[in-house]
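Asker: The residues making up each chain are set out below.
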Amino acid sequence: MLADDDDDDRLFFKDAFEEIKIKTDVSTLNNGIELMNFLTQPDIVLPHVLFLDLNMPGKTGLDCLKEIKSIDRLKDIAIAIYSTSASEEDIEETFVQGANIYIKKPHEFSALKKVLEDVITLNWQYHTSGLNRDNFLLSL
Amino acid sequence: MKLKSLFTSSFFLKSIFVASLFILIFISTFLYKHSVGLIDSTELLVHSHKVHLELEQLNSALKDVEINQTGYFISRDSVFIKSFRDSREKVTRSINTLNVLVDDNLTQLNNLDSLQKLITLRYNILFENSINLTDSIPLNAKRFNKSLVDGKAVMTTIRNQINKMIDLEKIYMIERQERYEKETFFTPFYSMMLLLFSLLVFVFSYFKINRDIESFKKANDVLTIATESMKHAEEIGGFSSWQWDLESNTFTYSDNQYRLLGVEPQSFTPSIEAFIKFVHPEDKHIIANGNDQVVTHQEPSTAFFRVIRNDGNIRYFRSMGKFLTNTKGHKILIGINNDVTEEYLISKSLEDRNHELEKSNKELASFNHVASHDLQEPLRKIQTFISRIYDKEIDQLSPLGKEYFDRIQAAANRMRILIDDLLLFSKTNKIEKVFEPAELNQLLEAAKQELVQLIEEKNATIKSDFLPTIHAIPFQIQQLFINLIGNSLKYSKPNVAPVIRIECEIVRAGDYSILNKNTNDAYYKISISDNGLGFEQKYAEAVFTLFHRLHNNSDFPGTGIGLSICKKIVENHHGRIMAESTPGVGSTFTIFFPIK
Numbered sequence: 112m113l114a115d116d117d118d119d120d121r122l123f124f125k126d127a128f129e130e131i132k133i134k135t136d137v138s139t140l141n142n143g144i145e146l147m148n149f150l151t152q153p154d155i156v157l158p159h160v161l162f163l164d165l166n167m168p169g170k171t172g173l174d175c176l177k178e179i180k181s182i183d184r185l186k187d188i189a190i191a192i193y194s195t196s197a198s199e200e201d202i203e204e205t206f207v208q209g210a211n212i213y214i215k216k217p218h219e220f221s222a223l224k225k226v227l228e229d230v231i232t233l234n235w236q237y238h239t240s241g242l243n244r245d246n247f248l249l250s251l
Numbered sequence: 004m005k006l007k008s009l010f011t012s013s014f015f016l017k018s019i020f021v022a023s024l025f026i027l028i029f030i031s032t033f034l035y036k037h038s039v040g041l042i043d044s045t046e047l048l049v050h051s052h053k054v055h056l057e058l059e060q061l062n063s064a065l066k067d068v069e070i071n072q073t074g075y076f077i078s079r080d081s082v083f084i085k086s087f088r089d090s091r092e093k094v095t096r097s098i099n100t101l102n103v104l105v106d107d108n109l110t111q112l113n114n115l116d117s118l119q120k121l122i123t124l125r126y127n128i129l130f131e132n133s134i135n136l137t138d139s140i141p142l143n144a145k146r147f148n149k150s151l152v153d154g155k156a157v158m159t160t161i162r163n164q165i166n167k168m169i170d171l172e173k174i175y176m177i178e179r180q181e182r183y184e185k186e187t188f189f190t191p192f193y194s195m196m197l198l199l200f201s202l203l204v205f206v207f208s209y210f211k212i213n214r215d216i217e218s219f220k221k222a223n224d225v226l227t228i229a230t231e232s233m234k235h236a237e238e239i240g241g242f243s244s245w246q247w248d249l250e251s252n253t254f255t256y257s258d259n260q261y262r263l264l265g266v267e268p269q270s271f272t273p274s275i276e277a278f279i280k281f282v283h284p285e286d287k288h289i290i291a292n293g294n295d296q297v298v299t300h301q302e303p304s305t306a307f308f309r310v311i312r313n314d315g316n317i318r319y320f321r322s323m324g325k326f327l328t329n330t331k332g333h334k335i336l337i338g339i340n341n342d343v344t345e346e347y348l349i350s351k352s353l354e355d356r357n358h359e360l361e362k363s364n365k366e367l368a369s370f371n372h373v374a375s376h377d378l379q380e381p382l383r384k385i386q387t388f389i390s391r392i393y394d395k396e397i398d399q400l401s402p403l404g405k406e407y408f409d410r411i412q413a414a415a416n417r418m419r420i421l422i423d424d425l426l427l428f429s430k431t432n433k434i435e436k437v438f439e440p441a442e443l444n445q446l447l448e449a450a451k452q453e454l455v456q457l458i459e460e461k462n463a464t465i466k467s468d469f470l471p472t473i474h475a476i477p478f479q480i481q482q483l484f485i486n487l488i489g490n491s492l493k494y495s496k497p498n499v500a501p502v503i504r505i506e507c508e509i510v511r512a513g514d515y516s517i518l519n520k521n522t523n524d525a526y527y528k529i530s531i532s533d534n535g536l537g538f539e540q541k542y543a544e545a546v547f548t549l550f551h552r553l554h555n556n557s558d559f560p561g562t563g564i565g566l567s568i569c570k571k572i573v574e575n576h577h578g579r580i581m582a583e584s585t586p587g588v589g590s591t592f593t594i595f596f597p598i599k
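Just so you know, the protein sequences line up as chains A and B, in that order.
For this note's numbering, count along the first sequence from 1 and bump the result up by 111.
For this note's numbering, count along the second sequence from 1 and bump the result up by 3.
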């Protein structure tokens with residue numbers, strides 16, 4: 112699942128998953144408020160991995176991250192930060208708040224596909240158990 | 004301190020004075036008593052003499068009586084009777100005088116008493132009897148003779164009695180003489196003692212007073228100089244002093260206080276009311292509050308306020324005070340007023356400038372954000388769409404369209420490099436700088452690792468001395484090596500394998516004009532020289548300017564940021580960087596890092 116206010120990015124995201132030869136169920140939401148409204152509904156199937164854009168109007172990705180981590184039912188969802196910037200402050204802050212991985216949006220479609228494939232096939236068990244600052248930022 | 008010692012000295016003097024006074028009174032009293040004793044003993048001595056004399060007179064008077072009697076018996080001339088009676092008068096007078104004189108002495112009084120009885124017996128009975136016998140005719144010779152013999156016997160007893168008295172008086176005289184001599188012996192001694200002691204007190208007082216006067220004079224001189232220098236200091240320093248006696252509610256202003264207010268010294272009587280007239284209407288409450296604090300809480304206050312001089316000039320004052328207690332025990336607030344107008348205006352303009360700087364810094368930070376995020380985002384999308392078209396739609400384009408499309412891609416890539424470099428540059432500028440020991444050899448290796456592809460491509464040789472460990476921001480130093488070595492590789496001569504030499508030595512600041520010559524601090528001098536294209540020495544400074552480029556973009560693609568980053572990094576480490584180059588021979592970039 113992806114929450115991103117930019118429709119181009121949502122398009123790239125969906126296109127990339129279509130081309131990846133792994134069976135996935137992709138859904139997108141337009142901003143943080145929509146995301147939180149969706150997640151707080153009862154009786155829904157929670158996503159395995161949530162891709163979270165940081166810079167969103169209304170509720171930023173960081174706000175959503177904090178809220179998700181404070182709700183028992185949601186706090187175990189694997190969260191991948193998916194942002195244009197890779198500033199030290201953002202990386203540090205989201206890591207401290209409990210995000211699992213940080214992806215800087217690539218500027219080539221092929222790279223995007225590779226990143227998403229890596230994330231999907233990632234051993235989440237390994238990535239969620241230990242807090243590891245060194246491999247938090249996914250290197251391309 | 005000095006004042007205190009003077010006080011103790013005066014206390015000491017007072018004690019000495021009182022003690023001396025008591026001793027003097029004591030000695031004087033003693034001397035007086037002694038003198039009185041002396042007078043007494045003199046009087047006693049004189050008294051003894053008188054008694055002695057009177058006894059002698061009595062003796063001679065008695066002899067006279069005897070002689071006259073005998074004369075009468077022989078001549079029977081009445082002249083003798085008359086003299087006899089006169090002599091008897093004398094004897095009686097003498098006895099009377101003696102009676103008065105020996106009144107205080109019981110022994111002599113008793114002696115005198117028996118003497119008197121004997122004399123009365125002699126005259127009244129024996130003399131008169133003898134005379135009567137002589138006068139009677141016929142003369143009774145037998146009775147007459149007996150009367151004469153009796154008279155003689157009584158006379159002898161009388162003489163003995165008188166001699167006894169004289170002897171006793173002589174003993175008295177000797178005693179009194181001794182006492183008198185003793186007393187006269189000690190008199191000069193006591194007088195001398197009084198004189199000497201008085202002299203001692205006098206001399207001591209003289210020296211002490213003299214010395215005190217000297218020290219007072221010195222203290223006065225120091226005080227005069229201090230007062231004068233204070234006056235000048237006040238004029239030079241633009242401050243004034245004041246005193247506020249809280250008990251009597253009186254004020255004292257220094258001359259400069261008036262000058263600071265723009266009026267003639269001592270031109271009005273100091274008071275709160277008079278002073279507050281000069282204070283800016285908006286600041287009057289500051290003075291009022293400060294005075295309140297002083298009066299009610301006994302706490303000195305520091306005030307900052309404006310004063311309007313008579314000529315309309317506005318000055319900024321800072322007032323500070325401190326409590327003291329004067330010699331009368333009055334609580335006194337002493338303070339200074341400082342005319343801080345110039346300092347205030349300077350600090351205000353500095354503050355304004357700081358605000359501007361802060362503002363522009365914030366703008367820079369927001370620019371940083373725009374560059375890092377907002378500019379990157381559309382570019383990233385453009386690049387992603389370009390890659391999408393390359394992947395799927397490239398075949399649909401005509402050859403001309405393809406060529407244009409290649410140029411679009413090149414332009415987008417260049418923009419990506421520019422933005423990344425700009426970000427790197429602003430990151431170098433970041434406030435947080437964590438210095439730690441950095442091993443330059445390791446950082447150089449890491450830099451070479453980053454450039455490994457280019458090094459292999461150009462077949463370059465990099466030779467380096469053993470480099471030291473310095474206190475630095477490691478990732479910045481690595482960036483510095485990357486940029487400088489990268490530059491050497493980039494601007495190498497075509498078809499000539501680049502040779503890059505990295506050397507290091509310890510130098511002194513005094514030997515290099517680029518460093519602060521006044522200190523002789525030690526520096527690490529690290530030079531990176533190549534055999535590349537080089538450039539005109541006149542560009543040696545320009546190459547470090549942001550966006551400054553010496554080459555065409557088509558020949559050597561670049562942003563003109565790399566060396567600016569190098570300069571910034573070196574400056575972050577309090578070092579210096581300079582370039583030396585000869586076209587066609589090569590360039591040398593020299594970095595100086597201070598050794599701490």
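Hints were generated in silico from the structure; no laboratory data involved.
C-beta atoms are modelled at their ideal positions from N, C-alpha and C, and glycine is treated no differently.
Hints are supplied without guarantee of correctness; some may be wrong.
What the hints assert, rightly or not - Counterexamples of contact, computed for chain A against chain B with all Cβ distances above 10 Å:
id, residue
1, K180
2, L223
3, K225
Said to hold, decoys possible - With a cut-off of at most 27 Å between alpha-carbon atoms, the simulated BS3-like pairs for lysine-lysine come out as follows:
id, chain 1, residue 1, chain 2, residue 2
4, B, K395, A, K134
5, B, K405, A, K224
6, A, K134, B, K405
Stated by the list, open to error - Sample of chain A residues facing chain B (criterion: CB under 10 Å; computed from the structure):
id, residue
7, D117
8, D119
9, N148
10, T151
11, E178
12, S181
13, T195
14, K216
15, P217
16, F220
17, A222
Asker: Next step is simple, just say for each hint if it's right about the structure.
Answerer: Outcome of the hint check:
Chain B leaves K180(A) outside its interface by the beta-carbon criterion, the shortest separation being 24 Å against a cut-off of 10 Å. Distance check for L223(A) against chain B: the nearest CB is about 7 Å away, which does not clear 10 Å, and the non-interface claim fails. For K225(A), the condition that its CB be more than 10 Å from all CB atoms of chain B holds, with the nearest at approximately 12 Å. As the CA atoms of K395(B) and K134(A) are separated by approximately 22 Å, the hinted pair is consistent with the 27 Å bound.
Distance check on the hinted pair: K405(B) and K224(A) sit about 25 Å apart at the alpha-carbon level, within 27 Å; holds. A hinted pair counts as satisfied when its Cα atoms are at most 27 Å apart, and K134(A) with K405(B) does not qualify at roughly 35 Å. With a least beta-carbon distance of about 8 Å to chain B, the hint placing D117(A) at the interface is held under the 10 Å criterion. Restraint check, D119(A) versus chain B: the minimum CB separation of about 5 Å is within 10 Å; hint holds.
For the restraint placing N148(A) at the interface with chain B, the shortest Cβ-Cβ distance is roughly 25 Å, beyond the 10 Å limit, so the hint is violated. About 29 Å separates the beta-carbon of T151(A) from the nearest beta-carbon of chain B, more than 10 Å, and the hint is not met. Restraint check, E178(A) versus chain B: the minimum CB separation of about 23 Å is more than 10 Å; hint violated. For the restraint placing S181(A) at the interface with chain B, the shortest Cβ-Cβ distance is roughly 27 Å, beyond the 10 Å limit, so the hint is violated.
For T195(A), the interface hint holds, since its Cβ comes within 10 Å of a Cβ in chain B; the closest pair sits about 5 Å apart. The restraint placing K216(A) at the interface with chain B holds, with a minimum CB-CB distance near 6 Å, inside the 10 Å limit. Because the beta carbon of P217(A) sits about 8 Å from the nearest beta carbon in chain B, less than 10 Å, this interface hint is met. The restraint placing F220(A) at the interface with chain B holds, with a minimum CB-CB distance near 4 Å, inside the 10 Å limit.
Interface hint at A222(A): satisfied, since its Cβ lies 8 Å from the closest Cβ of chain B, which is below the 10 Å cut-off.
Comparing the model with each earlier hint shows violations of hints 2, 6, 9, 10, 11 and 12; every other hint is respected.
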